[in-house]
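Using the sequences plus the hints, can you model the full thing?
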Amino acid sequence: MRRFFDLASSMDNIISLGVGEPDFITPWAVREACISSLERGYTSYTANAGMLELRVEIAKYMKKQFQLSYDPKSEIIVTVGASEALDIALRAIVDPGDEVIVVEPTFVSYAPLVTLAGGKPVSVGTTVETNFRLMPEQLEKAITPKTKAIMLSFPNNPTGSTMTEDELRGIAKIVEEHDLLVLSDEIYAEMTYDHTHASIANLSGMRERTILISGFSKAFAMTGWRLGFVTAPSDITSAMLKIHQYTMMCASTMAQHAAIEALQSGMEDVKKMVQSYKQRRNYFVKSFDEIGLPCHVPGGAFYAFPSIKNTGLTSEQFAEQLLLSERVAVVPGHVFGSGGEGHIRCSYATSLDNLKEAVTRIERFMKSLK
Amino acid sequence: MDGKELEILQLIEENARISDETLAKMVDLTIEETRDIIKELEDQKVILGYSAVIDWTKINETETVTAMIDVKVTPKRGVGFDDVAERIYRFPEVRALYLMSGAYDLSVVIEGKTMQEVARFVSEKLSTLDSVLSTTTHFQLKKYKHDGVVFSDGEEDHRIVITP
Ligand SMILES: Cc1ncc(COP(=O)(O)O)c(C=O)c1O
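From first to last, the protein sequence lines stand for chains C and E. Note that this note's numbering has the first sequence beginning at 1, numbered continuously upward. Note that this note's numbering has the second sequence beginning at 1, numbered continuously upward.
Just so you know, the hints here were simulated from the structure itself, not pulled from any lab data. Here a beta-carbon is modelled for each residue, glycine too, at the ideal position from N, C-alpha and C. Some hints could be false.
[Unchecked claim] Here are some, though not all, of the chain E residues that point toward chain C, as calculated from beta-carbon distances under 10 Å:
| no. | residue |
| --- | --- |
| 1 | Met26 |
| 2 | Val27 |
| 3 | Ala52 |
| 4 | His158 |
| 5 | Ile160 |
[Stated by the list, open to error] Label-pair restraints from in silico Cβ distances:
| no. | chain 1 | residue 1 | chain 2 | residue 2 | range |
| --- | --- | --- | --- | --- | --- |
| 6 | C | Phe24 | E | Glu13 | 33 to 41 Å |
| 7 | C | Ser265 | E | Val46 | 38 to 46 Å |
| 8 | E | Asp147 | C | Glu357 | 54 to 62 Å |
| 9 | C | Glu177 | E | Val46 | 52 to 60 Å |
| 10 | E | Leu6 | C | Ala29 | 19 to 27 Å |
| 11 | C | Asp95 | E | Leu6 | 49 to 57 Å |
| 12 | E | Thr64 | C | Met1 | 50 to 58 Å |
| 13 | C | Thr43 | E | Gly49 | 50 to 58 Å |
| 14 | C | Glu208 | E | Lys145 | 47 to 55 Å |
Here's what the structure looks like:
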């Protein structure tokens, strides 16, 4: 990823499909709330777990969108991005030598964060044959007496894959049998296009063993604000809070004020952005199929993960040659772990004009390979 | 109206020049289905026309002046404001006409090549109408946003090229 970044950054006239963040700017009302918070002089620390007013809004949001009930006083922590939530969750639950199952291909931070927490990441690779969903048998096979937890993320970065409630039920059963915890990163939940988002915490017996991680980065187009949150039973959040209070103290106050506004008045903007992502997904995936890059239909997030196997190139070679010859930046699939090789991640969080131009250039590149 | 029709309307309102092929892919229909829907919406006069939003101030020789005129009128028995409204909107100079509540009755948007042209319209055509009691003319000085479109150079993509 770093090497690609350096290479891509050194060139001009690049069309980037390499970006893992929204191309929208945070809705104006939210930016305005931040400015107003500054004008009124809110420049001091907040409670460690975050402003209670914000936690109350988060609880309402979780209830309304996902039918999940959490107590704002004891079961919600506002964090510095979902990234911090992932870190403190792992540090709170992992003892030295514990194994944590990481379902790949997935967000690049998971395995390193497990290692940093003193645990051992155990990779389970999913493939396009199962639409990058985790099969219960795969999970069962990876579990050892040392397994402490499993990290799940649907809709997924980089595959865009989603899992329905029924499909998650098979996973939940095994998690319960082996008395594991689940770290469920649902930061792309709002971007679920073809069915309603299913949260594993909603399945029977799962709420008490699920740490649900989410945030404002993707749905509200707030990546730079560094604001996320985590919900979990209070014995887990209280362990997480100890780490959070000594490392971060609290998330940024202006960002928290903005987030309250986002939850209170931003859902219309979220809907509009999601509609636009869905239209671009439809356009993009169909176009990929037409130019000979088979692509499973990603049910969520804003990534397409087409297969490049029939070109005979590795994903790294493909990405590099595409960048050098056509100036289109994509991310080679192997960086996302096991199962990612043979694919490239192409973000469609970019304008339709860019997508069209990218498709034209990739098609030309494909023809040059023959 | 089903979801696809609304989606198509929203997309072509934003960009009427989008190709049928791209549009079809975006809303997940065939090109034929998409064309049928558009045809139907045109027939029903839901789609009234296709136009471009142009920033004429960037083209010197075509600069125009726009004025909004508040008009007070005496409504006529039986036809209310409709009669005088019709007399006014038939003038080609009139870009838009609204019946308002509040301090005046009609809001007339006029576009002309020069200030004199607008002034002449107001003094010779508008204020001489029988029912017109008074007019107040406001000239537009600068267009910041029109029909939902912001008149400034597009925003740049500030994102770095590759992020996780
Ligand atoms: C699956 C996943 N989790 C977490 C994050 C990080 O989110 P945040 O910006 O809230 O730290 C990302 C960002 O790309 C992501 O894709």
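Against the structure, the hints come out as follows:
For Met26 (chain E), the interface hint holds, the least distance from its beta-carbon to any beta-carbon of chain C being 4 Å, beneath 10 Å. For Val27 (chain E), the interface hint holds, since its Cβ comes within 10 Å of a Cβ in chain C; the closest pair sits about 7 Å apart. The criterion of a C-beta within 10 Å of any C-beta in chain C is not met by Ala52 (chain E), whose closest approach is roughly 16 Å, and the hint is violated. For His158 (chain E), the interface hint holds, the least distance from its beta-carbon to any beta-carbon of chain C being 9 Å, beneath 10 Å.
Evaluation of the Ile160 (chain E) hint against chain C yields a held restraint, the C-beta minimum of about 7 Å falling below 10 Å. A hinted range of 33 to 41 Å for the beta carbons of Phe24 (chain C) and Glu13 (chain E) is inconsistent with their spacing of about 18 Å. Take Ser265 (chain C) and Val46 (chain E): their Cβ atoms lie about 30 Å apart, and the range 38 to 46 Å is violated. Between Asp147 (chain E) and Glu357 (chain C) the beta carbon distance is about 27 Å. The supplied range of 54 to 62 Å is therefore violated.
Evaluation of the 52 to 60 Å hint for Glu177 (chain C) and Val46 (chain E) yields a pass: the beta carbon distance comes to about 57 Å. Taken as a hint, the range 19 to 27 Å holds for the pair Leu6 (chain E) and Ala29 (chain C), whose Cβ atoms sit roughly 24 Å apart. A hinted range of 49 to 57 Å holds for the C-beta pair Asp95 (chain C) and Leu6 (chain E), which are about 54 Å apart. Checked against the given bound of 50 to 58 Å, the beta carbons of Thr64 (chain E) and Met1 (chain C), roughly 52 Å apart, stay inside it.
A hinted range of 50 to 58 Å for the beta carbons of Thr43 (chain C) and Gly49 (chain E) is consistent with their spacing of about 52 Å. Checking the proposed 47 to 55 Å range against Glu208 (chain C) and Lys145 (chain E) shows it holds: the Cβ atoms sit about 51 Å from each other.
The structure fails hints 3, 6, 7 and 8 (numbered hints given earlier, in ascending order).
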